[in-house]
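For the record, the sequence lines run as chains A and B. Counting with our numbering, you get residues -15 to 117 for the letters of the first sequence. Counting with our numbering, you get residues 4 to 163 for the letters of the second sequence.
Certain hints may be false.
To be verified - Not close to chain A: a few residues of chain B, all C-beta gaps over 10 Å, as computed:
hint, residue
1, Glu46
2, Ser52
3, Leu75
4, Arg87
5, Ala114
6, Arg139
7, Thr151
What the hints assert, rightly or not - Just so you have them, the derived chain B footprint on chain A, three or more residues with Cβ under 8 Å:
hint, stretch
8, 13 to 27
9, 66 to 74
As the list claims (entries may be wrong) - To list a few chain B residues with every Cβ distance to chain A over 10 Å, as calculated:
hint, residue
10, Glu13
11, Arg14
12, Leu16
13, Gly18
14, Val22
15, Ala53
16, Ala55
17, Val69
18, Pro81
19, Gly110
20, Asp122
21, Arg132
22, Glu136
23, Ala152
24, Pro153
25, Gly156
Hints in this document: simulated from the structure, not taken from any laboratory. We put the CB at the ideal spot given by N, CA and C, even for glycine.
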Amino acid sequence: MSEVRGVVVAHGDLAAALVATVERISGLGGALRAVSNEGLGPDRLREVLREAMGSDPSILFVDLASGSCGIAGLGLSQERGEVVVLTGTNVPMLLDFVFHRDLPLEELTARLRDKARAGIRAHGCAPDPPEGS
Amino acid sequence: MSLELVRVDERLLHGQVLVAWGARLGIRDYIVVDDRLAESRWEQELYGSALAGDAAAEFLTVEAAVRRLPELDVAGRPAALLTRDTGTMRRLAERGALGGRRVTIGGLHDAPGRRKVLDYVYLGDEERRDLAEIARHGARVSARDLPTAPEVGLEQLLST
C-alpha cells in the first residue's frame, strides 16, 4: 500500500514555515509538501493542490477552515475518494504524520486529530477539563 | 439587514471577507449572487461551512437578488453582497441595483487573459468593460482588499 501524501496548504508563508519546522525537528525531508494560497484564485489553487496530491491517498492540512484553503480542500474531497481535510493544523499533528504515513488513511486521520488536540495545553490557569467533558 | 459591503471577490466567503471586513463592519448576513451557485446545494454547503457563530449566507440568482435588494436596504443586521466575477456585478448594475453604492474589487487573481493591476487585482479586457459599465450605472467602483488598505480608484484600475 502506498504511503499517504501530506500537503500543507495555508495563507502567506505559513505552509512553508510549518514544513521546514517539521523537517528540522524530525530529520525527515520530503514527507510534506507546502502550498500557499498567495495570489491564487480558487480554480488555480485547486489545480495546484491536485498536482501536489497526485492520485495517492492524501491528507490536506489546512490552517483555517473558514478560508479559501479550507474551501478548496473541501471541494477536492468531493471530487474523489481518499482525500481528507484536516483543519487547525499544528506542529504536533504534522510531526506525527511524518512518522506514520504508512497507516490506513482513516486510522491515520483519527490519530492526527487526537495528536493535534493533545498538543494544545494551557498552563498557568485552571487545569484542563477531563477528556469528553 | 443593511447592505454595508458590495464586493467582487472570486473566493467569495473566505478569511479576508469573514474576518477582516466582517469583524470591522459587524456583518452577520452574506448575500452571494451567482446563478450557478444558486442552483448547487453542495457548493452552498461548502461555502456555508466557512461561516461561524450566527452568521448566515443566502445564495441568489441575479434575478432573485434584484428582487431582494430593496428589502436588504432597511436598517438591521449589517449585510454584505458578494459576487465572484465582474460580469455578475455588471448585470446587477444594469438592473439598477447598484446606483449610489460603493462596489469594491477585493480579489481577482492571475489567470489567462488577465493583466496585473494590483497584487490582488488582475483584469482582462471584458472585466475592464464591466467595471466601466458598473460605474456608468451610478456605482462608485474601487479596489481594496482589506479595510486597512488604501482604496484604489476606478481610473487607476482602468489605466494600468
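Hint by hint, here is what the structure shows:
1. Glutamate 46 of chain B, annotated as away from the interface, has a beta carbon of chain A within 10 Å; the closest lies near 8 Å.
2. Its beta-carbon lying about 6 Å from the closest one in chain A, serine 52 of chain B breaks the requirement of being farther than 10 Å from that chain.
3. With 10 Å as the threshold on Cβ separation, the claim that leucine 75 of chain B sits away from chain A holds: the shortest Cβ distance comes to roughly 23 Å.
4. Listed as a non-interface residue, arginine 87 of chain B fails to keep its Cβ farther than 10 Å from every Cβ of chain A; the least gap is roughly 8 Å.
5. Remark: the non-interface label on alanine 114 of chain B conflicts with the geometry, its nearest Cβ contact in chain A lying 6 Å away (cut-off 10 Å).
6. Its beta-carbon lying about 26 Å from the closest one in chain A, arginine 139 of chain B satisfies the requirement of being farther than 10 Å from that chain.
7. The beta carbon of threonine 151 of chain B sits about 16 Å from the closest Cβ of chain A, which is more than 10 Å, so the claim that it is off the interface holds.
8. Proximity of the stretch 13 to 27 of chain A to chain B, defined as three or more residues with a beta carbon under 8 Å from a beta carbon of that chain, is established by the 5 residues found.
9. Under a criterion of three residues with beta carbons nearer than 8 Å to beta carbons of chain B, the stated coverage of the stretch 66 to 74 of chain A fails, only 0 such residues being counted.
10. Not every CB of chain A is more than 10 Å from the CB of glutamate 13 of chain B (nearest about 5 Å), against its label as outside the interface.
11. Non-interface status of arginine 14 of chain B relative to chain A is broken: a Cβ of that chain comes within 10 Å, the nearest being about 4 Å off.
12. Distance check for leucine 16 of chain B against chain A: the nearest CB is about 7 Å away, which does not clear 10 Å, and the non-interface claim fails.
13. Distance check on glycine 18 of chain B: its Cβ comes as close as 4 Å (rounded) to a Cβ of chain A, failing to clear the 10 Å threshold; non-interface status is violated.
14. Not every CB of chain A is more than 10 Å from the CB of valine 22 of chain B (nearest about 8 Å), against its label as outside the interface.
15. For alanine 53 of chain B, the requirement that its beta carbon stay farther than 10 Å from each beta carbon of chain A is not met, with the minimum near 4 Å.
16. Here alanine 55 of chain B does not stay apart from chain A, with its beta-carbon only about 6 Å from theirs, under the 10 Å limit.
17. Against chain A, the non-interface label of valine 69 of chain B holds: every CB pair exceeds 10 Å, the least being about 25 Å.
18. Look at proline 81 of chain B: its CB is around 18 Å from the nearest CB on chain A, clear of 10 Å, so calling it non-interface holds up.
19. A beta-carbon of chain A comes within 10 Å of the beta-carbon of glycine 110 of chain B; the shortest separation is about 8 Å.
20. Consistency note on aspartate 122 of chain B: stated as away from chain A, yet its beta-carbon is not over 10 Å from all of that chain's, at 7 Å minimum.
21. Interface exclusion of arginine 132 of chain B from chain A stands, the closest Cβ pair being 20 Å apart, more than 10 Å.
22. The non-interface label for glutamate 136 of chain B is consistent with chain A: the shortest C-beta to C-beta separation is roughly 22 Å, beyond 10 Å.
23. For alanine 152 of chain B, the condition that its CB be more than 10 Å from all CB atoms of chain A holds, with the nearest at approximately 15 Å.
24. With 10 Å as the threshold on Cβ separation, the claim that proline 153 of chain B sits away from chain A holds: the shortest Cβ distance comes to roughly 19 Å.
25. For glycine 156 of chain B, the shortest C-beta to C-beta distance to chain A comes to about 22 Å, beyond the 10 Å cut-off, and the non-interface label holds.
In the structure shown, a violation is registered for the earlier hints numbered 1, 2, 4, 5, 9, 10, 11, 12, 13, 14, 15, 16, 19 and 20, in ascending order.
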